[in-house]
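Visitor: Take the given structure of chain F and dock chain U to it, following the hints.
Protein chains: 2
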Amino acid sequence: MKPAKPVKAETTQRSMRAATLAEIAREAGVSAPTVSKVLNGRADVAPATRTRVEELLRAYGYHRRRSEAARSPLIDLVFHELESAWAMEVIRGVEKVARDEGLSVVLSESAGRLTPGRTWADQVAARRPHGVILVLSDLDDSQRALLTSRSIPFVVLDPAGDPGADVPSIGATNWQGGVAATRHLVELGHVRIGAISGPSRMMCSRARVDGYRAALETAGLPVDPELIKAGNFHHEAGHRLGLELLRGPDRPTAVFTGNDLQALGLYEAARELGLRIPEDLSVVGFDDLPVARWVGPPLTTVRQPLMEMAEAAARLVLDLGRADRAPGATRVELATSLVVRSSTGAPPA
Amino acid sequence: MKPAKPVKAETTQRSMRAATLAEIAREAGVSAPTVSKVLNGRADVAPATRTRVEELLRAYGYHRRRSEAARSPLIDLVFHELESAWAMEVIRGVEKVARDEGLSVVLSESAGRLTPGRTWADQVAARRPHGVILVLSDLDDSQRALLTSRSIPFVVLDPAGDPGADVPSIGATNWQGGVAATRHLVELGHVRIGAISGPSRMMCSRARVDGYRAALETAGLPVDPELIKAGNFHHEAGHRLGLELLRGPDRPTAVFTGNDLQALGLYEAARELGLRIPEDLSVVGFDDLPVARWVGPPLTTVRQPLMEMAEAAARLVLDLGRADRAPGATRVELATSLVVRSSTGAPPA
Numbered sequence: 306m307k308p309a310k311p312v313k314a315e316t317t318q319r320s321m322r323a324a325t326l327a328e329i330a331r332e333a334g335v336s337a338p339t340v341s342k343v344l345n346g347r348a349d350v351a352p353a354t355r356t357r358v359e360e361l362l363r364a365y366g367y368h369r370r371r372s373e374a375a376r377s378p379l380i381d382l383v384f385h386e387l388e389s390a391w392a393m394e395v396i397r398g399v400e401k402v403a404r405d406e407g408l409s410v411v412l413s414e415s416a417g418r419l420t421p422g423r424t425w426a427d428q429v430a431a432r433r434p435h436g437v438i439l440v441l442s443d444l445d446d447s448q449r450a451l452l453t454s455r456s457i458p459f460v461v462l463d464p465a466g467d468p469g470a471d472v473p474s475i476g477a478t479n480w481q482g483g484v485a486a487t488r489h490l491v492e493l494g495h496v497r498i499g500a501i502s503g504p505s506r507m508m509c510s511r512a513r514v515d516g517y518r519a520a521l522e523t524a525g526l527p528v529d530p531e532l533i534k535a536g537n538f539h540h541e542a543g544h545r546l547g548l549e550l551l552r553g554p555d556r557p558t559a560v561f562t563g564n565d566l567q568a569l570g571l572y573e574a575a576r577e578l579g580l581r582i583p584e585d586l587s588v589v590g591f592d593d594l595p596v597a598r599w600v601g602p603p604l605t606t607v608r609q610p611l612m613e614m615a616e617a618a619a620r621l622v623l624d625l626g627r628a629d630r631a632p633g634a635t636r637v638e639l640a641t642s643l644v645v646r647s648s649t650g651a652p653p654a
Numbered sequence: 306m307k308p309a310k311p312v313k314a315e316t317t318q319r320s321m322r323a324a325t326l327a328e329i330a331r332e333a334g335v336s337a338p339t340v341s342k343v344l345n346g347r348a349d350v351a352p353a354t355r356t357r358v359e360e361l362l363r364a365y366g367y368h369r370r371r372s373e374a375a376r377s378p379l380i381d382l383v384f385h386e387l388e389s390a391w392a393m394e395v396i397r398g399v400e401k402v403a404r405d406e407g408l409s410v411v412l413s414e415s416a417g418r419l420t421p422g423r424t425w426a427d428q429v430a431a432r433r434p435h436g437v438i439l440v441l442s443d444l445d446d447s448q449r450a451l452l453t454s455r456s457i458p459f460v461v462l463d464p465a466g467d468p469g470a471d472v473p474s475i476g477a478t479n480w481q482g483g484v485a486a487t488r489h490l491v492e493l494g495h496v497r498i499g500a501i502s503g504p505s506r507m508m509c510s511r512a513r514v515d516g517y518r519a520a521l522e523t524a525g526l527p528v529d530p531e532l533i534k535a536g537n538f539h540h541e542a543g544h545r546l547g548l549e550l551l552r553g554p555d556r557p558t559a560v561f562t563g564n565d566l567q568a569l570g571l572y573e574a575a576r577e578l579g580l581r582i583p584e585d586l587s588v589v590g591f592d593d594l595p596v597a598r599w600v601g602p603p604l605t606t607v608r609q610p611l612m613e614m615a616e617a618a619a620r621l622v623l624d625l626g627r628a629d630r631a632p633g634a635t636r637v638e639l640a641t642s643l644v645v646r647s648s649t650g651a652p653p654a
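So the protein lines, in turn, are chains F and U. Just so you know, we're using the working numbering here: the first sequence kicks off at 306 and counts up by one. Just so you know, we're using the working numbering here: the second sequence kicks off at 306 and counts up by one.
With the rest of the complex left out, here is chain F (with noise of 0.2 Å):
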């Protein structure tokens, strides 16, 4: 049986009569409070009743009246892993928005996996909160169907598969953004130009070198295979792949890092090589984390307005919990920006 998608949720009960509670109840052979005890993620309740009653909502399309939620004064986010300092600028641009709105945030990790575990989609059913954000990770159907019956709208943020065109998400101009960083090493006159990818899983990333292909390929450079090298957004691969790149007969002499971390990975490299910034070497990273400034040099990098996009997506979801506020567009990229600090110039004579 196929689960409900949200919007599809949505046709369906605009378009016929919902299935009462009492009517799941009574298909179910279950009392009317069993029902809602499965809805609020009580504990006492059978498993195999259980299933039977979330099959039920499901094939039903059934979702809760909003009214009938009395919802916590929460919002949850999701991270995919709690790593770098990147989780930090969406923390506080989610926060920025729950203390507006007079709401608090509940943090998960979802510990490396990309959906997070089924526990937690019972939890979140349990504290019923006004919205969840998802940060690189998405739910499968029965988590989807799970928060929709409860009427607990969700968005993407930057997602990492392809959410799929009826998920609210939030993202930013990835592509766009590497062709920025590309086209300013081409225009310094490099024509060896590395990159160093995130994990090719991730929608950010293959978009974010495919514009980097792009631009060389609109220069009329060639791309070369062997200058691209797909690390994981981590700075040891940063590192690790400069050093391949680096240590070749013909090196780059420019390398798009595909993210800050790993062109600070790429800086030690260069340091083990006694390679200087941006003299033998220029680096373009992309983010522009707050460490961008602080390195030495200064990294170019493509600013990712991720605060602001986290405070979208808190916006977002919010206002899909909103019966009055019918949210205008679901997908929104934000622009990505080039700044250009000091570790990039001219090549190498």
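Some hints here could point you the wrong way.
Since the list gives no way to pick one copy over another, a pair counts as held whenever it fits inside one copy or between any two copies.
In the SDA-like style, the derived pairs of lysine to any residue whose C-alpha atoms are separated by at most 25 Å in a straight line are [said to hold, decoys possible]: (1) Lys-342 <-> Ser-377; (2) Lys-401 <-> Ala-651; (3) Lys-401 <-> Glu-541; (4) Lys-342 <-> Glu-359; (5) Lys-342 <-> Glu-406; (6) Lys-342 <-> Pro-527; (7) Lys-342 <-> Ala-364.
In case anyone wonders, no lab produced these hints; they're calculated from the structure.
Guide: Structure of chain U alone, referenced to chain F:
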């Protein structure tokens, strides 16, 4: 009327029969359910009634029996400010323990005030978390009484003020860290050693500078007040005060910066003045944020085990909430340690 402090209330409850909810209701001239509403942070109670009930709860050192208080699977984590990477380490530590215990973390920022707002305390009372962890922040007496009367334990992490002996808290050996940083510079041969401290209202920042002084004095070196600047733990202060220190006629050959972000600001000041690190200037930070390894040159710093401290705070607050597991010590200082990297060396000849 002096409100009961946590430990005090504990003693009171053990040594004499506590007032019941019904008795408090009678004395306040309201119904028992109204007292319950106040305890649960419900909004539908007249402000005057609420104040009267809160006063009686405090006067009687009332606190809700644990079995009465159906707690939510949450831990509250309150930051003074969410700036720096510092916060991220703490969040990760608390999140780790929370995940192990099946709890979620609610994050708030007291937005620059050193005690979180009154509304915040009401929200916490309403959501009934397992405990509250305050980072560089403290509660006023009425907030303490409010949490105590709801049996919501709290722990202060790395207290900024003096939390008092009756407040459970986790810190680090800041003074010892200041000694280790400065002694390292003395052993390298430095004589003119400057310091950029954090704000003097924070005990941790006072302790670090006191350690610096103690190390100089025990080495028989003079303490020059001109070489001690009061910063605020931000990058900008490190830069600004670094320029002040380095532009003087008899500039220091080494600086202990109080934290890592100020060290990065000092790096920038040195770059602007054409001073090389460590050839012309040695720098020691404090914290050992991830970025300390990534800057050029990698920063010698005092490692503060932030994640472990946050884990210890989370475990302590959960233990405080368990009748069956009385925690041993309620003031713990985890050890700091010097991490020598490449930003320190012998003074210029």
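Visitor: Which holds for Lys-342 with Pro-527 at a C-alpha limit of 25 Å: within a copy, between copies, both or neither?
Guide: neither (62 Å within a copy, 71 Å between copies)
Visitor: Is it within, between, both, or neither for Lys-401 and Ala-651, if the alpha carbons may be no more than 25 Å apart?
Guide: neither (41 Å within a copy, 46 Å between copies)
Visitor: Reference check for the pair Lys-342 and Glu-406, CA-CA at most 25 Å: within, between, both, or neither?
Guide: This pair counts as between: shortest inter-copy Cα distance 23 Å, intra-copy 29 Å.
Visitor: Go through the copies and call it for Lys-401 and Glu-541: within, between, both or neither, with a Cα cutoff of 25 Å.
Guide: between (32 Å within a copy, 23 Å between copies)
Visitor: Since the copies are identical, ignore which copy is meant and state whether Lys-342 and Ala-364 lie within 25 Å (CA to CA) inside a copy, between copies, both or neither.
Guide: within (18 Å within a copy, 39 Å between copies)
Visitor: Cα distance capped at 25 Å. Does Lys-342 pair with Glu-359 within a copy, between copies, both, or neither?
Guide: For Lys-342 and Glu-359, only the intra-copy Cα distance (11 Å) is at most 25 Å; the inter-copy one is 33 Å.
Visitor: First find the shortest C-alpha distance between Lys-342 and Ser-377 inside one copy, then the shortest across copies, and answer within, between, both or neither for a cut-off of 25 Å.
Guide: This pair counts as both: shortest intra-copy Cα distance 17 Å, inter-copy 16 Å.
Hint compliance for this structure: hints 2 and 6 are not met, and every other hint is.
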